[in-house]
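Here is how the chains run, residue by residue.
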Amino acid sequence: MKRRFRIYYPFVNAGMQQVTTYRVDWIFYLLGNVVHSLVSFFIWQAVFLSGSEETLNGFTMPQMIVYFFLIFISDTMITSDASMMIAEEVRDGSIAMRMLRPVGYNATFLFFELGGKLLTQIVLIVPVVIGVEISRFVLSGVVQFSVLNLLLFFVSTILAYLINLFFSICFGFLAFVIKHIWGTNIMKNCIVSFCSGAMVPLSFMPDALKTVFMLLPFASLNYTPVMIYMGVYQGADLLFYFGLQIFWALFFWALSKLLAMVSAKHLTVQGG
Amino acid sequence: MRYIRSLAHFIGRLVRIHRIFVAQEIKRMVEYKADFFIGMIGFLMVQCSNLLMLWIIFNSIPTLMGWSLPEVVFIYGFSLIPKGLDHLLYDNLWMVGSTIVSKGEFDKYLTRPINTLAHVLFEKLQVDAIGELVMGIALICSVLPQISVEWSFGKILLGLVSMFFSTYIFTGVKTLTASVSFWRKRSSNIITLGYKFANFTKYPATIYNEFIKNLITYIIPFAFTSYYPSVYILTGDNPLFNVGVTVLVSVLVMGSGVIVWHLGLRAYESAGS
Numbered sequence: 001m002k003r004r005f006r007i008y009y010p011f012v013n014a015g016m017q018q019v020t021t022y023r024v025d026w027i028f029y030l031l032g033n034v035v036h037s038l039v040s041f042f043i044w045q046a047v048f049l050s051g052s053e054e055t056l057n058g059f060t061m062p063q064m065i066v067y068f069f070l071i072f073i074s075d076t077m078i079t080s081d082a083s084m085m086i087a088e089e090v091r092d093g094s095i096a097m098r099m100l101r102p103v104g105y106n107a108t109f110l111f112f113e114l115g116g117k118l119l120t121q122i123v124l125i126v127p128v129v130i131g132v133e134i135s136r137f138v139l140s141g142v143v144q145f146s147v148l149n150l151l152l153f154f155v156s157t158i159l160a161y162l163i164n165l166f167f168s169i170c171f172g173f174l175a176f177v178i179k180h181i182w183g184t185n186i187m188k189n190c191i192v193s194f195c196s197g198a199m200v201p202l203s204f205m206p207d208a209l210k211t212v213f214m215l216l217p218f219a220s221l222n223y224t225p226v227m228i229y230m231g232v233y234q235g236a237d238l239l240f241y242f243g244l245q246i247f248w249a250l251f252f253w254a255l256s257k258l259l260a261m262v263s264a265k266h267l268t269v270q271g272g
Numbered sequence: 001m002r003y004i005r006s007l008a009h010f011i012g013r014l015v016r017i018h019r020i021f022v023a024q025e026i027k028r029m030v031e032y033k034a035d036f037f038i039g040m041i042g043f044l045m046v047q048c049s050n051l052l053m054l055w056i057i058f059n060s061i062p063t064l065m066g067w068s069l070p071e072v073v074f075i076y077g078f079s080l081i082p083k084g085l086d087h088l089l090y091d092n093l094w095m096v097g098s099t100i101v102s103k104g105e106f107d108k109y110l111t112r113p114i115n116t117l118a119h120v121l122f123e124k125l126q127v128d129a130i131g132e133l134v135m136g137i138a139l140i141c142s143v144l145p146q147i148s149v150e151w152s153f154g155k156i157l158l159g160l161v162s163m164f165f166s167t168y169i170f171t172g173v174k175t176l177t178a179s180v181s182f183w184r185k186r187s188s189n190i191i192t193l194g195y196k197f198a199n200f201t202k203y204p205a206t207i208y209n210e211f212i213k214n215l216i217t218y219i220i221p222f223a224f225t226s227y228y229p230s231v232y233i234l235t236g237d238n239p240l241f242n243v244g245v246t247v248l249v250s251v252l253v254m255g256s257g258v259i260v261w262h263l264g265l266r267a268y269e270s271a272g273s
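Protein sequences appear in the order of chains V and X.
Residue numbering for the first sequence follows this note's numbering, beginning at 1 and increasing consecutively.
Residue numbering for the second sequence follows this note's numbering, beginning at 1 and increasing consecutively.
If a hint is listed, it holds; no wrong ones were tucked in.
Think about it this way: if two alpha-carbon atoms lie no more than 20 Å apart in a straight line, the pair counts; the simulated SDA-like pairs of lysine to any residue are:
# : chain 1 : residue 1 : chain 2 : residue 2
1 : X       : K27       : X       : D91
2 : V       : K188      : X       : V46
3 : X       : K124      : X       : L89
4 : X       : K196      : V       : G32
5 : X       : K185      : V       : V19
To give a feel for the contact side, a few chain X residues facing chain V, derived at Cβ under 7 Å:
#  : residue
6  : G42
7  : M45
8  : V46
9  : S49
10 : M53
11 : S60
12 : I61
13 : T192
14 : L193
15 : N199
16 : Y203
Among the chain V residues that face chain X by a calculated CB cut under 7 Å, a handful are:
#  : residue
17 : I186
18 : M187
19 : F194
It is worth saying that the hints were derived from the structure and are not from the lab.
Glycine included, each C-beta is placed from N, C-alpha and C at the ideal position.
Whole structure, please, built from the sequences with the hints as guidance.
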């Protein structure tokens, strides 16, 4: 354990340093995501102002605000650049260097991103949660904040990040087959964003679709953590959805290991 | 007179050079057909997912703050065309902010006998954008029977004029934000942030509060890339503001982009290796 810590700590540190060196870039990246979530906020506010009903598909207006700002946190948290990093390394051949190093291939991505993620979370969670809870209090007149749900949300987004990281690593290996990984990556992000509930809450979708997205890894990425924060999942449900998240994280972890092994056999690097 | 002739000569030369670059790009494209196809489908899918969202929304409400579904789709479709044109022709600015300057590759442009900005703009053709353009045209065509608009030759002409000029609002904002990399080496996230404000203009500006509305009208004027021209086409109201100011804003934004780019060149130091 101590040895592992010594091996991977430089990666965590490098990740943090990348964020602090390119601070301005990082702040603008976060602001960009804020803009994105404001667009969702306004369009859904307009939906509630245009409709006559108090609740739409089980959501009230204050709940919708909580939903989209928490989606903003989980969506920022789960983002992983691993697939693009792998694609770039396959293209320029530096993947050979990474594979030669005496460290786990997947683990280097994990620990590198972990550094930046930690900083991002610390900066985001506090102001967003305070803002969301104040607006919910003003709109509904009741304090609904629960520390337990916030902690469970945090654990759940970490699981969601692991699912997405290992999924992105698997996806990155596509670069061995497809050269235009950039366009494929846009498709992937689009599907993930829609099916995970980042654009429309899954409860707005037709029942059949909702069931499929809930069981596939999609809901585990965004919808599940936010539902946990909102206290929708309790008792057996809560355990079931946590179990599902752990299952998908392990599934993609195993798949990424397998793909790393297979592609190492097929790897031919030109030049150097 | 002499200035006009030399300006005409300058523009003529740029157009000729642009044609040569595009011809090169098309050769590259034919070489990697599958890749371009994938990128195009990717962008089509992004648009489809947004439309699915609109459709789901309109399943629970009849109108969005007074706008019907066909009208919202029209504004959405209109927004895709200038965005797609800018994306098709001038996408290379992203690379300036992400890698060209920070990896020291910008020196190449300084040694060529072409204006650096023109060279960067003309160098790449991003065919992925055809997905957006096709979608934009298809959406506008599909809602035409459902919206009651009095068409006239003048209106169609003004619509096309505003599409052309609003393309350069996108290019201008991208040039401004990409220029930051001359001072800071990297600016991809600043470009992304500037560009993300365009998301506001996919939907009618009346759904936003006054602050956002003023922001996208006066500060980062993306509302002119779709909302204001669409309002003119849908209602026939106030062409002087809805179209005239679009043209004015486009010239201002692109003009300041060109100026800031050249200021940045003076501050530029190679990151070379």
